[in-house]
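As a plain string of letters, each chain reads:
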Amino acid sequence: MATYTLNVNGQSQTVTVANGDMPLLWVLRDHLGLTGTKYGCGIEVCGACTVLVNGQPEKSCDMSVKEAVGRKILTVEGLAQDVDGAKAQAAWVAHQVPQCGFCQSGMLMSTVGEMKAGNHGSSIRPNNLCVCGTYARIKEATQTL
Amino acid sequence: MKDIRETETSSGDEKGEGISRRDLLTAGGAALVVPFVFTPGGEGAKAAIVPGSGAVGAYIKIDTTNTVTVVIGATEMGQGILTGLSQLVAEELNLNWPQVRAEHAPASTLWPNPYGNPLFGAQLTGGSTSTRGWYAPLRQAAAIARDTLIAAAGKQFGGVWTLGQGGALRKGTSRVLFSSVVVTASGLTPPTTAALATTTRFIGKSMPRLDVPSKTDGSAVFGMDVKVPGMKFGSTIHAPVQGGKVKTMPATSGGARLYNLGTAVGVLADDTWTAIQLARGAASQITWDVPTDPNAADSAALAAHAQQLMTSPTASVFVAEVVGSPRIPPAARSIDVTYSLPFMAHATMEVMNCTANVTPTSCEIWAPTQGQQFIPGLAASITGLPADAVTVHTTLLGGGLGRKFETDYVAEAVNLSKQAGVPVKLIWSREEDFKNDYYRPSALIRVQAAVGSAGLGITNMIYRNVSPSINIQRGTLSGNNPEDTGAVAGAVGLPYRMGARRIEYVPLLPCDVRLGYWRSVGESYNTFAVESAIDELALVAGRDPMEFRKGLVGGTGGSPRSLRVLKALETLTNWSVPPPAGQARGMAFLSGFGSFIAMAADVAQSTAGQMVVKKVYCAIDCGVAVNPGAIETQIQGGIAHGISATLWGGMNFVKGKPQVQNFNHYRMLKLNEMPQVAVTVVPSSFAPGGVGETGVPCVAPALANAWAKLTGTRVRNLPFYPGATMGDG
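Residue numbers (the numbering used here), protein chains in the order written: chain A, 25 to 169; chain B, -6 to 722.
It should be emphasised that the hints constitute simulated quantities derived from the structure, not laboratory data.
Backbone N, C-alpha and C fix where the C-beta goes; we use that ideal spot for every residue, glycine too.
Errors might be hidden in some of the hints.
Estimated spans, in silico, between C-beta atoms of each pair [as the list claims (entries may be wrong)]:
1. A/Ser36 <-> B/Pro243: 38 to 46 angstroms
2. B/Gly247 <-> A/Gly57: 55 to 63 angstroms
3. B/Ser277 <-> A/Lys90: 25 to 33 angstroms
4. B/Thr186 <-> A/Ala114: 40 to 48 angstroms
5. A/Gly57 <-> B/Ala276: 23 to 31 angstroms
6. A/Ala118 <-> B/Val316: 49 to 57 angstroms
7. A/Asn78 <-> B/Val221: 57 to 65 angstroms
Far from chain A, by Cβ distances over 10 angstroms, these chain B residues were calculated [said to hold, decoys possible]:
8. Gly73
9. Thr331
10. Ala340
The whole structure should be built from the sequences, with the hints applied where relevant.
Here it is in structure tokens:
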């Protein structure tokens, strides 16, 4: 067992896990109870597990808990406290983007990551997978960002 | 979340009469409750108002804050049903939208099931039936609630009251809230019928979805997100080939106890990742009893067998529809073409998962499920408890698509919790999800058809579908359904004017690939064949595909709603004007799920020679459009789903072994590939039709028809690009 201290949504959180290789995704979901971040594929393809690490979108299924130490982690639960995050959330509501909604946490985190990288409007193109086909509404929503 | 106790399970009266809904009771307080019992035939309902808190098994709850909660028997899986059905209640009660809430109903063990879809009685979500089934009964229930509240105000305060806005009643300048008359209302006998509202504040309006805010801040609870105190995290491993059962297994692996679940082996841990690792680690130590004929779950062998049955004089043929004696004249004015489609995985974004807490006296289940009807009985059989000791909470679904109609994953969670004696949240790995689906059947379809000498009508058609049968595999064929009508859905009862025809189905047996219902089911393959063939016939006839179809549905004995939708598509596309240079347009039409839909696609060719979908147009008449915005998004979703399936979709089996294990080898449409979509919802006052599945079937034939026009190449075997990966494109 090893104990790690993480900075998640601006708060210091301590977790004790059996293996430091455990992906951040499962530490967030199962040990910190932050279930807004989703498991979709576990192989960095679908993007449902995307979080921001030091402001950049990262697939949390591929970042170990030990790698996450010392970095600022933002999840969908903390998005409203971020200026760009709150804007993106409002756009998602205004354009009624989610259908099943399962991929949308990751979509939002990727979108906010792109905003922080200086992208706006039609240059924001999250490469996450959505099976419901919310892409059309995402394009409308991101057009306003 | 447990908010209903049904103290009597049933009166046993199969006609649904005499079941006293007064048997419903709650923890105290008072609320207006308008419960109905529907018979499967949909004949009528009984209303009653019973004492209770805001927590009674019924459809409408009014609490002390005047919040109105609609309790919904259908499952929210992205289609917006919680919102759409709540709009009906809001209309009848003249509410304000911010005071409206919706929640999933518990699974009921009563029969008739008060939460069963009035169309067929069972508490299931599928077949695009939720709005169709609930539209009239739920409005009636809400109208009865309204009249009872009005009567209660009169009794409590005297005088004649009328309905106000925002959950209130009015008399002159006086105004009282619903919440202040609920106790009185609960003592009244409600009327058996009530006039429906004539307002349109909600019905026909794109009301904001009730579930959207929670789906942008991480607070929405999907099955995977359930938290129960003291729970362990579980995962399971299944046989590497279809149909395997556990033969031998060690008691432990990697230091963890293994649980024999019959068709799977389970393991528990302190988090999901560890459980998945342990399950994978155990795989090599387990042996499986597997089906003896590996060809029965081998795509190539099944395809060869289907070819043989297509022409075999001894094949077991179900004739699903026959008119006259069709004869196919040679060449010139006829076609004889064969289409094929692969097995498909559902690949819902949320993998199969379920949380269960089995104790010696109770079984509580939290499941992302479309199949509540099956669960209490299933859990009772596993636990040995009576069915009414089983409580089922339906969570939000991270996609259903027909996969979560099944209960295999629910059974595993219940079994694991029972054996381990602790609450268990079971989550499959994505690999187990792909390998243990209930796959859309593959299909081989031959269409022989001829057009008349004037090129106006279809004079003869012989249609044969050879595909594995979902119903035969499940043993659910009955006297009413001896022919597996689901297998020919989309090929029978066509709205086109046709002469002699024979529509045949030949079940492909044996098939050990596990089969299931994939968004749009039979239409997902038959509409591809039918609508591709219609275009091929139009070509033979020398007719424009739009004109040809309009001719087949127009005139005396035609289908006015079909014609109207085709004309709406003609207008939407500006049909007579071709798309930009380098593009071609194809179309398709479907009458299905109680709706009429016409679709066109403009496609181009990439530098690599592959199809690029530029724009998709859709005209739909789905009867009364409760929420046009939600309809538009369902169509957008159907188009995205259809494009993925047409261009890349497919699950191949080699000697029982599914060849795709994760999204990297299951190519799906990406955001930058999403075409422009234009949707016209044709104004219609007919009863609501289905929408959820309706957007899928036309996509494949519209794309194939467009591609044939663009390139001269007719693609009859789907997908267009087998073996694609997510790295492509």
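Tested hints:
Hint check: A/Ser36 to B/Pro243, Cβ distance near 42 angstroms, so the stated range 38 to 46 angstroms holds. Here the CB-CB span from B/Gly247 to A/Gly57 is close to 26 angstroms, at odds with the stated 55 to 63 angstroms. Checked against the hint of 25 to 33 angstroms, the C-beta distance between B/Ser277 and A/Lys90 comes to roughly 28 angstroms, which is consistent with it. Range check, B/Thr186 to A/Ala114: Cβ separation about 44 angstroms, and the 40 to 48 angstroms hint holds.
Taken as a hint, the range 23 to 31 angstroms holds for the pair A/Gly57 and B/Ala276, whose Cβ atoms sit roughly 30 angstroms apart. Evaluation of the 49 to 57 angstroms hint for A/Ala118 and B/Val316 yields a pass: the beta carbon distance comes to about 52 angstroms. Checked against the given bound of 57 to 65 angstroms, the beta carbons of A/Asn78 and B/Val221, roughly 34 angstroms apart, lie outside it. The claim that B/Gly73 lies off the interface is violated: its Cβ sits roughly 7 angstroms from the closest Cβ of chain A, which falls inside the 10 angstroms cut-off.
The beta carbon of B/Thr331 is kept farther than 10 angstroms from every beta carbon of chain A, the shortest such distance being approximately 30 angstroms. At roughly 6 angstroms, the least C-beta separation between B/Ala340 and chain A is not larger than 10 angstroms, which violates its mark as non-interface.
In summary, the numbered hints that this structure violates are 2, 7, 8, 10.
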